[in-house]
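Knowing the structure of chain X, use the given hints to seat chain S on it.
Residue numbers (our numbering), protein chains in the order written: chain X, 1 to 676; chain S, 1 to 491.
In case anyone wonders, no lab produced these hints; they're calculated from the structure. Hints are not guaranteed to be accurate.
Unchecked claim - Okay, derived cross-link-like pairs now, DSBU-like style, lysine-lysine, Cα gap no bigger than 35 angstroms in a straight line:
#1 S:K484 with X:K216
#2 X:K26 with S:K442
#3 X:K216 with X:K4
#4 S:K484 with X:K120
#5 X:K75 with S:K444
#6 S:K444 with X:K120
#7 S:K444 with X:K26
#8 S:K370 with X:K26
#9 X:K596 with X:K585
#10 S:K490 with X:K75
#11 X:K120 with S:K370
Predicted model, so just to flag it, every value in this text is computed and none were measured.
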Amino acid sequence: MGMKTLYLLVPLAPLAGAILAGFFGKILGRTGAHTVTTLGVAIAFLLSVLIFQDVRAGHVFNGAVYTWMESGGLKLEIGFLIDQLTVLMMLVVTFVSLMVHVYTIGYMAHDEDNWPADSKAGTNSYQRFFSYISLFTFSMLMLVMANNFVQLFFGWEAVGLVSYLLIGFWSVRPTAIYANLKAFLVNRVGDFGFLLGIGLIAAYAGSLDYATVFAKRNELALVTAAVTGWPLITAICICLFIGAMGKSAQFPLHVWLPDSMEGPTPISALIHAATMVTAGIFMVSRMSPLFELSDTALSFVIVIGGITCLFMALIAIVQTDVKRVVAYSTLSQLGYMTMALGASAYSVAIFHLMTHAFFKAVLFLGAGSVIIAMHHEQDMRKMGGLRKYMPITYATMLIGAIANAGLPPFAGFFSKDSIIEAVHLSHVPGAGFAYFCALAAVFVGGLYSFRLIFFTFHGKERFREAAHEAHGHDAHHDDHGHHGSVEPHESPKVVTVPLILLAIPAIGSGWLIGSVLYGNWFGTSITIAEVHQGMATMAHEFHGVFGMMAHGVTTLPFWLALSGAATAWYLYIVRPDLPAVIKQKSGVLATILEEKYGFDRFNDWFFAGGARLLGRGLWKGGDQVVIDGVMVNGSAAAVGWISGLVRLFQTGRIYQYAFGMIFGVFALLTFWFARA
Amino acid sequence: MKSQLLSLAIWVPILGALPVFWLGSERRTLVRWLSLAVAITGFLVTIPLYTGFDTSTAGMQFFEQVPWITRFNVQYMLGVDGISMPFILLNSLITVLVVLAGWEVIEDKQAQYMGAFLVMSGLMNGIFCALDGVLFYVFFEASLIPMYIIIGAWGGPNRVYAAIKFFLYTLLGSLLMLVALIWLFLESGGSFNILDWHHLRIGMAPQILIFIAFLVSFAVKVPMWPVHTWLPDAHVEAPTGGSVVLAAIALKLGAYGFVRFSLPIVPDASHHLAPLMIALSLIAVIYIGFVALVQTDMKKLIAYSSISHMGFVTLGFFIFNQIGIEGALVQMISHGFVSAAMFLCVGVMYDRMHSRMIADYGGVVNTMPKFSALFVFFAMANSGLPATSGFVGEFMVILGAIKFNFWVGFAAATTLILGAAYTLWMIKRVVFGAVGNDHVAKLKDIGGREFLVLGLLAVCVLAMGLYPFPFTEVMHASVDNLLKHVAASKL
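Okay, chain X solo, but in the shape it has when bound (with noise of 0.2 angstroms):
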């Protein structure tokens, strides 16, 4: 079996399972389809591991399995690219899938719960599920193996497709199908910038295979005034980060992702927090070759990156729902993956994405954990204490929020300092101020992680007078076989197993730096300018994991994520009466951050409303007055109007008809006359 074989298995076996779970679920049976889903996916894994050896022993691969289609000198194939860069991240989406997928089978356990008796929608929805995962993890790996822009846009939209299906999968919830659609449109705004970028790419490279494409890039580094006197490159790198910013939700196109916690919970995990949202750093740096032609491009992302990371981090210390905190979190992260891409440290950027992965699939997951635990309760205010009830899933997110605030020596530490150092070196304009959110967000970062577990985990036991409460909040909830009974407990085994496996990776993956960042992993699978020295910086500077790690708790960013933490504790822990006391007194600051900066009541009015109004007065005022009304019914109108004059003439009387020929004889002869 050739290695081709063995890259096209990757993504079909996921394919054929979905197929199987998704057309068959009902002969299946639950088992036969989170059986067959399971095991492509892990099928997928398992050859992604030999790819990874392989590539490891250098050998990449870039060639075509099909002709797509062949237009106008254009000629398109589906193909892969197998890299370094393609590997790791097949790696991440393969394992991360994989515990997803083992962990769905606890979770969506009494699905049948969520869905109104009669609605045929909930049968088999459990299968259904199943199947959307593994073709969420198909498209994926399809993203992510590429060669060519098709194959990624193809990938690109498909992904977006399952994240529509899987974030209106309860789709008897009005707030679910408000999120999907929600979240298509705003992801269809980013890839309008993306098909664009591709668009002007085909027009001057005459090609869409990324290699023809890079090959090309100092010619098209020479053109100018492409779109009204831009540089040529610049429009290209702009069109396709705005693609970037819809699937990575980068502001100002961020909206999509918090309400995409409608969704089951390992979607969040899957697709809205590891894979998914990390298409668009992938994008970015696949396409580094070109992004380091133009510094006004780079520039432009290390800003959107700074504001995302900064401001998203802010709106996380005043959410009191457990997944909102975390899809907040992982905004602000994705914003410092992001700035990392600006400052052109695509490899510490793609570091950052593998541990996030880890750490924010085990806060999801453990956030779903006590979402069971709760009876399907999200507000954190209505929780509390639980640690001594759930000791894994309090261990396994305790471990995700050190990781994510950054402190060592956990994951997030190795890749947040490197991002930080690498703004910090970044000579592009915007890197000062995307430098100042940074360290900001560090200590943000800190403070809502911590708050998180110890609003959780930590203080009073608030369910069981939340319980006594009406349980109007959630109609469509049961309480899972424990019949009366709210006391919290640990989830089964398929719950907290992947929750640990995914913990190890957390703590652990930050010590391979070395080898990911300055052991030239990457190789050619990403290109950095001369002038962009950052990197090169920093790999002289790199003395080891101990060394980062010694000069770590030296530098501002450490005391900063610390300081964070410890307000946390003192807010959440010591004074817990002072959170109230300060949300009184800040007045219009907590409103503006509650309300989210106001840009979903903006969008609802200005994008929404405002289409609506002007399609309403196109229709209306354009189609129906002036074209049906004026030129339509009104030439006919015009026609019945002429024959209705016509015919006061034609009455039939001789006389009339008689005087009527005189008169004409006599104007005929006077006008005859007058000539002459």
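Okay, now just chain S, sitting in the frame of chain X:
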């Protein structure tokens, strides 16, 4: 090689309709099966057109020529190239689906209904393969009659207004075309051969006049903004089958006219007026996109969506590059599948609820999960999702447009957002959510026949999205040749 395949494609459905009419509506079972047999035979005879097609030449294939009206040198002359051949297959396939779709729901005068569609199918095949101006005109006008009857006899409550609007609109347009055809006949020294006209030298002023004459006729048919208002009315009143044929095939006739007449016969005028055409196309894409957003009637929404998608076709033609024109042709085929499927989906719901209003639905997925899966799939295709056919054409036209001018591409690409917005917003309100009312609660999921029809279309949509290569392959030579004609001045 003598071949009668094209004649078969035209006359099998038309002659096959005669016994259907003769059987009358009393013998319903027999009528249905006979109609299906005729439609399937009609489709089978077109398959050799694809399998026997020579992709290396731009010349007319399966050529037939018989003198018809010798006094005016009118010929019964048929032939297809890579541009027209796919539409004959598409049309014949859609006819099969339409017969199946009308199987049970048409209770009144079923023989006449089925017969009208069969006749219509033959006539439209005639339009796509006629190479004689008069023959083309006869088919073009004759195809109005069955559609007029279909809307007028089996349509909704306001069918008479809609049918007359449809008829007058399109008839007025085509009268100017007749004038142009006669002028070309005289100018060419007495030939109605369209291929001869492709080599005619014409001055700029007459070129412009001819272009406008064709434009008025074809623009109404496409329809292009601002002569599009007959379409929503016609769709709303037409029975499901009528809407399907109208959207899938009839709209393509106008677009086909542009590539068969306007572009090669009057290339200089086409270039001269291209900015106008591009502007009208972009207005169709954007303006109509917004109008589609606020529709409350599903059929109207899909009708407006059709206009918007056809804007891509006319845009692709008038940017004069290969990927643009091929993209437009691909978009025409894809739209044939997708719009047919969308109208069939609305038809499925209408048959059960007798309402097309979005507000009357909600949560259909709870009672019709199989149907909903297909409906959402087609909605995604309508929004141009990659791996569906809806993506391929739009993608090609946008690539071509960016090559032509970035801002034209920019305006066209807004469909990514608008198309998704109007389609998926409708899906959200109709398919998803909790059960909207008691009527929805009583809905029955699709049966085997409906599943077959929609499933077939789904396979077509997916296949074309995953592997569009065979579709563009047959077009290359003909589009190349067309571009050569367009590039050479006829002044």
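A quick look at each hint next to the structure:
With a C-alpha separation of about 29 angstroms, the suggested pair K484 (chain S) and K216 (chain X) falls inside the 35 angstroms cut-off, and the hint holds. Between K26 (chain X) and K442 (chain S) the alpha-carbon distance is near 23 angstroms, which keeps this suggested pair within the 35 angstroms criterion. Distance hint between K216 (chain X) and K4 (chain X) is fulfilled; the C-alpha atoms sit about 27 angstroms from each other, no more than 35 angstroms. Restraint check for K484 (chain S) and K120 (chain X): not satisfied, since their Cα atoms lie roughly 57 angstroms apart, outside the 35 angstroms limit.
Restraint check for K75 (chain X) and K444 (chain S): not satisfied, since their Cα atoms lie roughly 46 angstroms apart, outside the 35 angstroms limit. Between the alpha carbons of K444 (chain S) and K120 (chain X) the distance comes to roughly 11 angstroms, so the proposed pair stays at or under 35 angstroms and holds. At most 35 angstroms may separate the alpha-carbon atoms for a hinted pair to count; K444 (chain S) and K26 (chain X) meet this at roughly 19 angstroms. A distance of roughly 13 angstroms separates the Cα atoms of K370 (chain S) and K26 (chain X); the hinted pair therefore holds under the 35 angstroms criterion.
For a cut-off of 35 angstroms, the pair hint linking K596 (chain X) to K585 (chain X) stands: about 18 angstroms separates their Cα positions. This hinted pair checks out: K490 (chain S) and K75 (chain X) have alpha carbons roughly 32 angstroms apart, not beyond 35 angstroms. Simply put, K120 (chain X) and K370 (chain S) have alpha-carbon atoms about 10 angstroms apart, close enough for the 35 angstroms limit, and the pair holds.
Of the hints listed earlier, those the structure fails to meet are numbers 4 and 5, in rising order.
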